[in-house]
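Asks: Line order of the protein sequences matches chains A and B.
The numbering of the first sequence is the numbering used here, which starts it at 3 and goes up by one.
The numbering of the second sequence is the numbering used here, which starts it at 3 and goes up by one.
These are calculated hints, taken from the structure and not from any lab test.
Certain hints may be false.
Identical copies look the same in the list; a pair holds intra-copy or inter-copy alike.
Said to hold, decoys possible - Dumping the calculated EDC-like pairs for lysine to aspartate or glutamate here, alpha-carbon to alpha-carbon at most 20 Å: (1) Lys284 x Glu69; (2) Lys299 x Glu200; (3) Lys284 x Asp157; (4) Lys299 x Asp176; (5) Lys299 x Asp197; (6) Lys284 x Asp52; (7) Lys299 x Asp67; (8) Lys65 x Asp264.
Remember, it's a predicted structure, so these values are computed and weren't measured experimentally.
Residue strings, one per chain:
Number of protein chains: 2
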Amino acid sequence: MLKAHRRPAVSSHPIVSLKESVRLALAVALSFGLTMACASNALARPVTVDDLLTASSPADWRKPDPENTLYLELASGRVIIELAPQVAPLHVANIRTLARAHYYDGLAIVRVQDNYVVQWNDPNHSRPIPAGVEVVAPEFTAAAGAERRFEPLPDRDAYAAQTGFLDGFPAGRDPRTHTAWLAHCYGMVGVGRDDPAESNATEMYAVIGNAPRQLDRNVALVGRVLEGIELLSTLPRGTGEMGFYVAPQAPVPILSVRLAADLPASERIPIEVLRTDSAVFKSLVDQRRNRREGWYKFNPGHIDVCNVPLPVRSLLDR
Amino acid sequence: MLKAHRRPAVSSHPIVSLKESVRLALAVALSFGLTMACASNALARPVTVDDLLTASSPADWRKPDPENTLYLELASGRVIIELAPQVAPLHVANIRTLARAHYYDGLAIVRVQDNYVVQWNDPNHSRPIPAGVEVVAPEFTAAAGAERRFEPLPDRDAYAAQTGFLDGFPAGRDPRTHTAWLAHCYGMVGVGRDDPAESNATEMYAVIGNAPRQLDRNVALVGRVLEGIELLSTLPRGTGEMGFYVAPQAPVPILSVRLAADLPASERIPIEVLRTDSAVFKSLVDQRRNRREGWYKFNPGHIDVCNVPLPVRSLLDR
Numbered sequence: 003m004l005k006a007h008r009r010p011a012v013s014s015h016p017i018v019s020l021k022e023s024v025r026l027a028l029a030v031a032l033s034f035g036l037t038m039a040c041a042s043n044a045l046a047r048p049v050t051v052d053d054l055l056t057a058s059s060p061a062d063w064r065k066p067d068p069e070n071t072l073y074l075e076l077a078s079g080r081v082i083i084e085l086a087p088q089v090a091p092l093h094v095a096n097i098r099t100l101a102r103a104h105y106y107d108g109l110a111i112v113r114v115q116d117n118y119v120v121q122w123n124d125p126n127h128s129r130p131i132p133a134g135v136e137v138v139a140p141e142f143t144a145a146a147g148a149e150r151r152f153e154p155l156p157d158r159d160a161y162a163a164q165t166g167f168l169d170g171f172p173a174g175r176d177p178r179t180h181t182a183w184l185a186h187c188y189g190m191v192g193v194g195r196d197d198p199a200e201s202n203a204t205e206m207y208a209v210i211g212n213a214p215r216q217l218d219r220n221v222a223l224v225g226r227v228l229e230g231i232e233l234l235s236t237l238p239r240g241t242g243e244m245g246f247y248v249a250p251q252a253p254v255p256i257l258s259v260r261l262a263a264d265l266p267a268s269e270r271i272p273i274e275v276l277r278t279d280s281a282v283f284k285s286l287v288d289q290r291r292n293r294r295e296g297w298y299k300f301n302p303g304h305i306d307v308c309n310v311p312l313p314v315r316s317l318l319d320r
Numbered sequence: 003m004l005k006a007h008r009r010p011a012v013s014s015h016p017i018v019s020l021k022e023s024v025r026l027a028l029a030v031a032l033s034f035g036l037t038m039a040c041a042s043n044a045l046a047r048p049v050t051v052d053d054l055l056t057a058s059s060p061a062d063w064r065k066p067d068p069e070n071t072l073y074l075e076l077a078s079g080r081v082i083i084e085l086a087p088q089v090a091p092l093h094v095a096n097i098r099t100l101a102r103a104h105y106y107d108g109l110a111i112v113r114v115q116d117n118y119v120v121q122w123n124d125p126n127h128s129r130p131i132p133a134g135v136e137v138v139a140p141e142f143t144a145a146a147g148a149e150r151r152f153e154p155l156p157d158r159d160a161y162a163a164q165t166g167f168l169d170g171f172p173a174g175r176d177p178r179t180h181t182a183w184l185a186h187c188y189g190m191v192g193v194g195r196d197d198p199a200e201s202n203a204t205e206m207y208a209v210i211g212n213a214p215r216q217l218d219r220n221v222a223l224v225g226r227v228l229e230g231i232e233l234l235s236t237l238p239r240g241t242g243e244m245g246f247y248v249a250p251q252a253p254v255p256i257l258s259v260r261l262a263a264d265l266p267a268s269e270r271i272p273i274e275v276l277r278t279d280s281a282v283f284k285s286l287v288d289q290r291r292n293r294r295e296g297w298y299k300f301n302p303g304h305i306d307v308c309n310v311p312l313p314v315r316s317l318l319d320r
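Generate coordinates for the entire structure from the input sequences, incorporating the hints supplied.
Replies: Below, the structure written as structure tokens:
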């Protein structure tokens, strides 16, 4: 009975948009009570994210560049990651080289820490590093020029002077130092590093818990999961310290990691991401900040950057 | 090689403290790089949470009241929930009555939405409500007097004028209205409701994603998961709208829900929670706010209330 007025605008592709219908269209609002009255709500109901996406135009969406799109293949399915080459060019260059040398194929997820991260690397530390991969500086903050692309939110934040979006990714900014950086929100992807701080991008992680924002400016974030985060977030938690898998637990094999650009067009997943510089996105943020649905009795009036949905849709069945 | 100086102070109980060693002792700090040099760090290293807990005294810990402790039994194991009767007395009274009438036994988890909540109820909406269970007012904010027990953090927050702790739970406060409320952090447990806002506590949920703080003051939180959250957070995501399970997915049966007080003492799990009013806890918050470990190159200097660890330890093998 909840479905009548809540058909998501996004497609019904079984991977993308059922998740999206969940995450976007309705999220919380009308959901906790199972017995709410749809009929009364259908009259003069407030605008929903669903409405906003339905009214969007093709120009409000962007197609991630196949050169920036990673397909991480697990036995359970495909995780699609969008890279942020303008923010972390050195790490992204390494990742492209590693993917093209098939370095990641056959590596494994070695750590799954509840409410924190999933991490993958070479469990045997034995695989040769391909030619062209360099140990690079940490890229904790975005490469020069990023500040001009930063789209601020007006909301307070515990960790950053300012939060907002950078190239479509959640981000922080410090107006005093004129720096911007990607923020450790759920689904963000980064590159493990040693101390002293340097990395060659052979070890990566994804955030699967409450945003560990203390890591901002301490590790290089390089992108985010567009699709398939649930394949990572439901993995068994490691029982070793810090969630590392220890016997009898087995690491989870990574079958392959490919750039979408290196697959034939017919094997690429046609997905689109809502542009954060679109008017529709601004309306969406406002709708999430100010909850006018009847179910909400207290309007938060604020939003945490990590709670702003970043809509992704599949074009497979539009 | 990471283990030498990192033996957690908490016990090695296979459920509690491996998780705790993960969550508490080290969390992130030294972990992303697998090759860091322990030897150099052993010299004059900064105080860790592990050190703080090792130095704690028995008086720094409290034993949750068995009257406030729920054991939610799944086929995969036990989830332990501490209730907050001083905050939400009407809902907690209903929950005790429902548990004692065995109302929850045989109900099911019907919804698992990635990065959001796990929700359980009577999937058939057919079970009679036991005598003594009342539909009650929403208890969005804490019962009168709560403000005096509130322990503030100095840090900014996106949603609340003030955050801190109330009876050991993460909380928000508005000094203008003299109200306080529990905060929707990871692992917090609440009671689903209809619109208009009222509930009898027959439907419950737990947060398994980035803190959905927009729900604060919109749903009654009644406690938090002390142990076993990973049994909920790893459940398969529902493929229906908003993460509801739909065929061919099957709801996850709840075998039983019992108050610890109703079990023989020999069957209760002896756990303790670090007191939020202890000096050790204040040191722990400071340690998490100011990251002095060598691995951190940027000290956040702030903390989000939902990123403050709330240590739990098992006494089984101390």
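Asks: Determine for every hint whether it applies to the structure shown.
Replies: Consistency of the hints with the structure:
1. Lys284 x Glu69: This pair counts as neither: shortest intra-copy Cα distance 28 Å, inter-copy 48 Å.
2. Lys299 x Glu200: Classified as between: cross-chain Cα gap 12 Å, same-chain 48 Å, threshold 20 Å.
3. Lys284 x Asp157: Answer is within; shortest intra-copy Cα gap is 13 Å, inter-copy 28 Å.
4. Lys299 x Asp176: For Lys299 and Asp176, the Cα distance is within 20 Å only across copies (16 Å; inside one copy 34 Å).
5. Lys299 x Asp197: For Lys299 and Asp197, only the inter-copy Cα distance (9 Å) is at most 20 Å; the intra-copy one is 48 Å.
6. Lys284 x Asp52: within (14 Å within a copy, 44 Å between copies)
7. Lys299 x Asp67: For Lys299 and Asp67, the Cα distance exceeds 20 Å both inside one copy (42 Å) and across copies (32 Å).
8. Lys65 x Asp264: within (16 Å within a copy, 58 Å between copies)
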